[in-house]
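Here are the chains, one letter per residue:
Number of protein chains: 2
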Amino acid sequence: MLTRYKMTMAYDGHLFHGFQLQPDQRTVQGTVEDALKKMTKGKRVIVQGSGRTDAGVHAIGQVIHFDYPGKTIPANRMILAMNSMMPMDIIFNKCQIVDEDFHARYSIKGKWYRYRVSLDHFVNPFKRFYTGHFPYQLNISKMQEAARDLLGKHDFTSFAASGGQIEDKVRTIYYVNIEKDEKENEVIFDFIGSGFLYNMVRIMVAALLEIGNGRRPIHDLKRVISAKDRQEVRQTAQASGLYLYHVFYEDIPQKYRQDQHL
Amino acid sequence: MLTRYKMTMAYDGHLFHGFQLQPDQRTVQGTVEDALKKMTKGKRVIVQGSGRTDAGVHAIGQVIHFDYPGKTIPANRMILAMNSMMPMDIIFNKCQIVDEDFHARYSIKGKWYRYRVSLDHFVNPFKRFYTGHFPYQLNISKMQEAARDLLGKHDFTSFAASGGQIEDKVRTIYYVNIEKDEKENEVIFDFIGSGFLYNMVRIMVAALLEIGNGRRPIHDLKRVISAKDRQEVRQTAQASGLYLYHVFYEDIPQKYRQDQHL
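As they're listed, the protein sequences go chains A and B. The first sequence begins at 1 in full-length UniProt numbering and counts up one residue at a time. The second sequence begins at 1 in full-length UniProt numbering and counts up one residue at a time.
Calculated from the structure, these hints are not laboratory results. Heads up, some of the hints might be wrong.
Because identical chains cannot be distinguished in the list, a pair is counted as satisfied if it fits within a single copy or across any two copies.
Straight-line C-alpha distance at most 35 angstroms; calculated DSBU-like pairs for lysine-lysine [to be verified]:
1) 43 to 183
2) 38 to 109
3) 43 to 222
4) 153 to 142
Please work from the sequences and hints to get the whole structure.
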């Protein structure tokens, strides 16, 4: 008998070689699968994530599912058992028993990524693993205006790192918000979309920072999108600032559908 | 010729075996002295801190001084040179050339420590190195009332870990503030005093948390202080939540002299 569990987790990515299982590397998937192997006394339970995160990238709301063999464990007991076996840099915050038709990856309706950029003059020791760093002149309202050009359905070839294996590069961006956190001296970028290509958020942030710094015209992203050429944006913002913030399995709430009000 | 430099620094303590130089251990003092040794092409320059911080304890405003031999380097050049040689977990934020009568330790008029406690149900992966953790019931106004009993000049023997070598255990606490940070779900403790004994802040926080949890009567600290017995408080809050926040070399500003308004 198999029971399918959906679990929501946060992790500090700075000591992981990313989410996906790799031989001889410390990965999130590997760490969770090792714990499940102990619980099942040796059976391999495959963990399916909503998607991969790269080395150094964090998660606030990553979602996984797995099929647990043997006797069903109540969800509130499963979360305690799993948390007791996790290292300090992973925490499960939610656990539900779900139907077999739920799939952490294929049931997705959208994803929310957050990117934090520290504006401190020097790299802040407390933020070195948790933010990107941009100690240059930055006009936030320019970036806010530019970000509107990303909204809607586009071919994002120009924003996909080579190395991705996905052919179809059309995605829809539903929501972009860029805000200054005065207390932390950071800029926070939020992106909600149907899905994101390899490194796409980090490349969009890099391009937006160039606009905020005045090195690109304010509506340059329109041109970059239509060029369908990765060489149009050569920079990629650092992994340390990126957070998989939330995964939507229900329709995106109307308040996040800026694309419908263009 | 010697030039005395006063420098203010922040460090993330989680990968250091404390401030003080120790053979074969990574320490803050050792790291700074190694950099100075490179600058002086092999001469040892002794770094004097305002005081030690333990393994895992952080600093936002630690102050050091040292006497640099040879040609005087302007302060704005010194800070750039030093920062370029520091690892990512140390940053210098200020540098001044000072008179020989300035001493990072002996010129102190007071110190400010901050302690952060996360109230999250599980340990938050992003805060494991940066906060203490108290996932129990907590009444903040009780702690605020109790903290007033610490103000003023007292013999703090009950709050000094064994291992300290200091005979005179009389210190003055000028200011205590305890506040909830709703957004972070943390309690922030601030203490300003003439000086603090070994582990004193962490022991005071542990006792205050017991009061906030209802395991000690609200004015128990009066009794604990007069007992002059470390056994009265057996707990010590974790190192990870503690920050040396500021060192005062001038008179403590009036707004922080709560002890004068008792």
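Going down the list of hints, with the structure as the test:
1. Taking CA atoms no more than 35 angstroms apart as the test, residue 43 paired with residue 183 passes in neither setting, with 49 angstroms inside one copy and 41 angstroms between copies.
2. Within a single copy, residue 38 and residue 109 get their C-alpha atoms as close as 33 angstroms, which meets the 35 angstroms cut-off; across copies the closest is 56 angstroms, which misses it.
3. Taking the closest pair of Cα atoms, residue 43 and residue 222 never come within 35 angstroms of each other, the shortest separation being 51 angstroms inside a single copy and 58 angstroms across copies.
4. In this homomeric assembly, residue 153 and residue 142 come within 35 angstroms of each other (Cα to Cα) only inside a single copy, at 22 angstroms, whereas the closest approach across copies is 55 angstroms.
In this structure, the hints that do not hold are numbers 1 and 3, in rising order.
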